[in-house]
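Could you build the full structure based on these sequences and the hints that come with them?
Protein chains: 2
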Amino acid sequence: MGQAQQTEKQTTIGLVGFGGFGRLIAQELWAGCPVRICDPSYTRACLPDGRRVPMEGLAEVAQCDIVILAVPVARMAHVCRVLAPHLRPGTLVLDVGSVKVAPMRDMRALLPLHVEILGTHPLFGPQSAKDGVAGRKIALCPERGERWRKVAVFLKARGLEVIVTTAEEHDRELAMVQGLTHLIGKVLTDLEPLPERMTTASFDLLREAVGMVQDDPPTVLHAIEVANPYAAEVREAFFARASELQAQFAPQRIVSDVA
Amino acid sequence: MGQAQQTEKQTTIGLVGFGGFGRLIAQELWAGCPVRICDPSYTRACLPDGRRVPMEGLAEVAQCDIVILAVPVARMAHVCRVLAPHLRPGTLVLDVGSVKVAPMRDMRALLPLHVEILGTHPLFGPQSAKDGVAGRKIALCPERGERWRKVAVFLKARGLEVIVTTAEEHDRELAMVQGLTHLIGKVLTDLEPLPERMTTASFDLLREAVGMVQDDPPTVLHAIEVANPYAAEVREAFFARASELQAQFAPQRIVSDVA
Numbered sequence: 001m002g003q004a005q006q007t008e009k010q011t012t013i014g015l016v017g018f019g020g021f022g023r024l025i026a027q028e029l030w031a032g033c034p035v036r037i038c039d040p041s042y043t044r045a046c047l048p049d050g051r052r053v054p055m056e057g058l059a060e061v062a063q064c065d066i067v068i069l070a071v072p073v074a075r076m077a078h079v080c081r082v083l084a085p086h087l088r089p090g091t092l093v094l095d096v097g098s099v100k101v102a103p104m105r106d107m108r109a110l111l112p113l114h115v116e117i118l119g120t121h122p123l124f125g126p127q128s129a130k131d132g133v134a135g136r137k138i139a140l141c142p143e144r145g146e147r148w149r150k151v152a153v154f155l156k157a158r159g160l161e162v163i164v165t166t167a168e169e170h171d172r173e174l175a176m177v178q179g180l181t182h183l184i185g186k187v188l189t190d191l192e193p194l195p196e197r198m199t200t201a202s203f204d205l206l207r208e209a210v211g212m213v214q215d216d217p218p219t220v221l222h223a224i225e226v227a228n229p230y231a232a233e234v235r236e237a238f239f240a241r242a243s244e245l246q247a248q249f250a251p252q253r254i255v256s257d258v259a
Numbered sequence: 001m002g003q004a005q006q007t008e009k010q011t012t013i014g015l016v017g018f019g020g021f022g023r024l025i026a027q028e029l030w031a032g033c034p035v036r037i038c039d040p041s042y043t044r045a046c047l048p049d050g051r052r053v054p055m056e057g058l059a060e061v062a063q064c065d066i067v068i069l070a071v072p073v074a075r076m077a078h079v080c081r082v083l084a085p086h087l088r089p090g091t092l093v094l095d096v097g098s099v100k101v102a103p104m105r106d107m108r109a110l111l112p113l114h115v116e117i118l119g120t121h122p123l124f125g126p127q128s129a130k131d132g133v134a135g136r137k138i139a140l141c142p143e144r145g146e147r148w149r150k151v152a153v154f155l156k157a158r159g160l161e162v163i164v165t166t167a168e169e170h171d172r173e174l175a176m177v178q179g180l181t182h183l184i185g186k187v188l189t190d191l192e193p194l195p196e197r198m199t200t201a202s203f204d205l206l207r208e209a210v211g212m213v214q215d216d217p218p219t220v221l222h223a224i225e226v227a228n229p230y231a232a233e234v235r236e237a238f239f240a241r242a243s244e245l246q247a248q249f250a251p252q253r254i255v256s257d258v259a
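Going down the list, the protein sequences come from chains A and B.
Each residue of the first sequence is one higher than the last, beginning at 1 in UniProt numbering.
Each residue of the second sequence is one higher than the last, beginning at 1 in UniProt numbering.
Hints were generated in silico from the structure; no laboratory data involved.
Ideal Cβ positions, reconstructed from N, Cα and C, are used throughout, including at glycine.
Take these hints with a grain of salt, some might be off.
[What the hints assert, rightly or not] Which bits of chain A does chain B cover? Going by a derived footprint, with three or more residues having C-beta under 8 Å, they are:
1. 128-140
2. 186-192
[Claimed, not checked] A partial selection of chain B residues facing chain A, derived with a Cβ cut-off under 8 Å:
3. Q10
4. C33
5. R105
6. R108
7. Q178
8. T181
9. D190
10. L191
11. E192
12. L206
13. E225
Here it is, written out as structure tokens:
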């Protein structure tokens, strides 16, 4: 893989983490450029073209022009520490975590000053992007350097809607977006089996929404519910509103509303 | 209107109630056959073809071959009592209420034995059927007579998915379908403004679902939350699950789950 890239002066991409989202990245980028992959949980990676290649070491992957960290938010600090000594000056390091404040603080603190840093959050997953990424949204939080602009152009060219924001603004908004989806998903999942036959259009949409987040791995839930500094507020608002409703739906109250 | 129908031997249709759903019925049926409309809240009805016609009396509308009761579930008994003396033998009377046990009990008890009875629940509203009724679902609960089969054929020919069921089975399933949609809709509406920019596909579906039920009139909410005999169970399950989650999301518990 390495030779072809160097003779063509193609941008080389290193991927750290080959979980659900890492695989989606590999699949999306594969046609355009080879990706060097590192994940200590596997000995080989099965590529989108069907080939199986051995995993590379972190030191090798760190030599790429762009290094994508597709690791759980909770592993971020550890990965940055191990990766740091191998990074070349001018490398762009970006993450894809579901929260931005904490991982970007880790990258700032633990990566060498000579690398560029970009926080990203693709607002989709293997489930919601199964028909392709075009039309899906991605948040970019530029942190250090200017090469993130090229990334933005590349993503827009693939049909993604690029939203440039800050880590704080992102986490505040996503606390509600992901927090509420997750809470409602949990409630509905626990009430299963849900009706499938006599359903309304709005109920079908609810079920579809829940289906998209139902199989999120625990690492994503951890990011949404623990690593996001605004998650607790959203949960409190949801539960407070639910208990207000519970009181409001007491039979005597409803009857008097209607009368 | 009346003369044309009789010479052509066209099935005549009477509509009692010209609220949101009554208007949708008039609009859907208008091209195929004239509809005679009665609603004491209005003096004239603005028809889909732009004409304004005077409202007719209940006694006139009762002379039609099929009489559709598009009235709030809570008004059903009253309307049946007033309508009953005017109905001719062999008339098919059907309702379109969001619950079936109570309105069908009213129709059975209060309409003369010489009319046929059909309970229906179109599982859509003016909002979810704004692009047409094809592909939408409708539940039919046959009660007395055989002419409901012709109604089923007519509805299927218009692209509707017809589900034949009983009043009890309907109410049990819809308690969950409409009860959960409504509860979640209430919680999300009360948490507004909801984010619109950095949203995931699943959150967009949730918002769309809520948007469909947000403007439901109080009469529909009454049917869903009070008139449905199984609604209280669903509410209890929802709130019980929400408070379990609340306990589960206490920080110490989440951290130990992830560790």
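Going through the hints against the structure:
Under the rule that three or more residues need a Cβ within less than 8 Å of chain B, the assignment of the stretch 128-140 of chain A holds, with 4 such residues. Counting residues of the stretch 186-192 of chain A whose beta carbon lies closer than 8 Å to any beta carbon of chain B gives 5, which reaches the threshold of three, so the coverage claim holds. With 8 Å as the threshold, the beta carbon of Q10 of chain B stays out of range of chain A, its nearest partner Cβ sitting at about 32 Å, so the hint is violated. Checking C33 of chain B against chain A: minimum C-beta separation of about 27 Å lies over 8 Å; hint violated.
A distance limit of 8 Å between C-beta atoms decides the matter here; for R105 of chain B the minimum to chain A is near 19 Å, and the interface restraint is violated. Using the Cβ-Cβ criterion of 8 Å, the hint placing R108 of chain B at the interface with chain A is not satisfied: the shortest such distance is roughly 21 Å. Hint on Q178 of chain B holds. Least Cβ distance to chain A is approximately 7 Å, under the 8 Å limit. Against a cut-off of 8 Å between C-beta atoms, the interface hint on T181 of chain B holds, since the closest Cβ of chain A lies about 5 Å away.
At its closest, the beta carbon of D190 of chain B sits 5 Å from a beta carbon of chain A; the interface hint therefore holds under the 8 Å criterion. Hint on L191 of chain B holds. Least Cβ distance to chain A is approximately 6 Å, under the 8 Å limit. Taking 8 Å as the C-beta contact cut-off toward chain A, the hint placing E192 of chain B at the interface is violated, the least distance being around 10 Å. With a cut of 8 Å, the hint placing L206 of chain B at the interface with chain A holds, because the nearest CB-to-CB distance is about 5 Å.
Contact between E225 of chain B and chain A, as hinted, is supported at the beta carbon level, the nearest pair being about 6 Å apart and thus within 8 Å.
Going down the numbered hints, you'll see the structure goes against 3, 4, 5, 6 and 11, while the others check out.
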